[in-house]
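Each chain, written out:
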Amino acid sequence: MMPASPTPFAGVADVAAVLVLLTEMAMLRAPMLRSQVRLYAFQSLVVTVLAVVVGATHHLDTLYVLAAISFLLKVVLVPLIILRMLGSIDADMAGSHSVGVATMLLIAVATSVFGFFTLGSLPVHESVLPGAALGVAGAAILVAFVLVVLRTDVVSQAIGFFAMENGVSLASMVVAPKLPVILDAAFLFDLLVAVVAFAVLMRVHHGRNRTLSTSVIDRLKG
Amino acid sequence: MEEVVVAIALPGLLAGLVSWWVPARAAKAVTVVAGVSSFVLSLALVSPVARQGYIAAGGLFRVDSLGLVFLIASTFVYALTAVFSAGYLSSPAGEGGGAFKGGGAGSRYGPRFLAGLNLFGWAMIVATMVNNLAILWIAIEVTTIVSALLVSMDDTDGSAEAAWKYVLIASLGLGIALFATILLYDAGTGVFGPVYSLTFMKLLSGAHRFAPETVRLAYVLAVLGFGTKMGLFPVHTWLPDAHSEAPTPVSAMLSGALLAVSFYAILRYFQIAERTLGAGFPREVLLGFGVASLAFAALSVLAQRDLKRLLAYSSIEHMGILAIGASFAAPVAIVGVLLQVLAHAAAKSTAFFGAGSIWKRLGTKELGQLRGVVGALPWTGPMLVLAILGLSGLPPFGIFRSEFLIVDGGLSSGGDWPAAILVVLVVVAFLGLTWSSTKAMLTPAPEGTPVVRAEPSGLMAASMLVALVVLAVLGVHVPGDLSHLLARAAAELRAP
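Chains as they are written, first to last, in the working numbering: chain A, 1 to 222; chain B, 223 to 718.
Hints in this document: simulated from the structure, not taken from any laboratory. Glycine is no exception: its CB is placed at the ideal position from the N, C-alpha and C atoms. Possibly wrong hints are sitting among the right ones.
[Stated by the list, open to error] Sample of chain B residues at the chain A side, in silico, Cβ under 10 Å: (1) Val226; (2) Leu371; (3) Val389; (4) Phe401; (5) Ser522; (6) Ala525; (7) Arg531; (8) Val646.
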């Protein structure tokens, strides 16, 4: 028997999920920090649009609220805070990674495959998105870790953490689309507070070391 | 009693907001009042909770016997730290220049520091009282953000490095824990439908019908995620840096209370996972992380040359013991684990306070440079030696009693090998902890060196004394109501 064709909605959802992952790959290789921040804003926009699409097709009004808060915080405020911080210390840098770009991408691809098949095999109870999206979300979460580990500057590492949160948001839309909106809002508010703390500590790091690179923070050992 | 529960959640928040705006002297007074009142109010809950099991306040708070043990540990450390900080911020810089930066006249360091300290204490208190897994996660994330900023407050190269590592690693860990929370929500939708609240009782009531594969993954991720905050090996790497570079009151709060609160979050997942998966898998996961953490820490303490770093590795050791103890089936082991939470809070606060006083007075925390401590600090020196002996598990202190109960529970429930490994590793850690630190404390100053006998502050020494007395009381005789509370909490954790 021929497998059923995916619906237009399933196709759109799959494309959006894959876009989230591909954007993260692009962040991984982006040489300039400002480009990385813009890629994060784009990734957040994809997650926001996906929330709107899911809300519209499945009549989940709470997802509109979530999308609005997500747009305001992750597409506008968070990138703005980081870009302003970069502007205030007049810093950008290129190519801060501990291994070559090709190696980094190969590691990311291998990690993605692992994440996709590990999480993609889980049974999902209340999915409104195609099951494959959970696997892609898992891959995005793991690639965010690769970003944090292999990029050697504080901005990329912070962006890695925020990108991981986007992966978790995507996973949340797959497995818990009806999670009470108050909790979603609380998570996002918490993200905003975390961003402020990250920005303060990035500024402290730059103030003490005159660089955004993490290669200089190796004093504490043992 | 509902009013008391709500009242406990208020002082830290109010003091945090007020401290930011008022002069340093007023901020200190407000902080001491907030810390001590939180502790006194949490003690007022012991008897009723030991009797009736829990007290709920609105839909948000539910203090049960398990949560109350961790609430008491948190408020106790918060209260002690509040008093210690009042002295710490008032006392002058040490002979070696060892003092916080920016604390001069007219500086805003003190009020800002105390505002952060109060919010840190408040977030930990809320984490132990909320009745919802998602809000528990939010509260613990707030502790990370506030405490990371506190770690960086001394504005040194070391503190900046430690704060960055801490905020990044702990936030990533908590990201994993958030994913675990969402997976657990999914596991519950098969039982409760697509919309429900993540309250503990609801989750526990339906946990036996949750999808086991999803709960298994959620549990492992929760242990890994919250374990990052708890300092479990191999996700502990932020801990030695943050504990050693943070201002001393923050080190005490991190070690004495925050690690325990993170352990509390793991225990909540443990309760649910045990109901879904049976006892085997959840305990094996804790045992694995516990043995690895204890082994790593026991070997690491042997190589430490910095007093605060030594104490930080001791924290990893104790977290490993807690995880191993929780993996034992016998209720007596769980009573031991909960007693260890309280005793560790007292012992580690005393030890970090001592390290802070030494640093203030002598300007170093390098064990190789410390000489004549007992002579120079007539109260702090001996109390620190006793605290380290207490941390090492010597009688008559509380940790001896708690570790004895854990080993007893392990042996009586078929965990002979884990119990034996625990004893061996605790002995190794004992040697590492006591040898280098007591040698540094008790070695007299070189001949001809003028020794001035003085404490940096009476309040700092007083907080150490109170913590030490509590540590001894927990070892000699656990008060009746507290003993009932521990037994009830152990039964609650093991309820089918």
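Need the list of violated hint numbers for this structure, in ascending order. Violated: hints 1 and 8.
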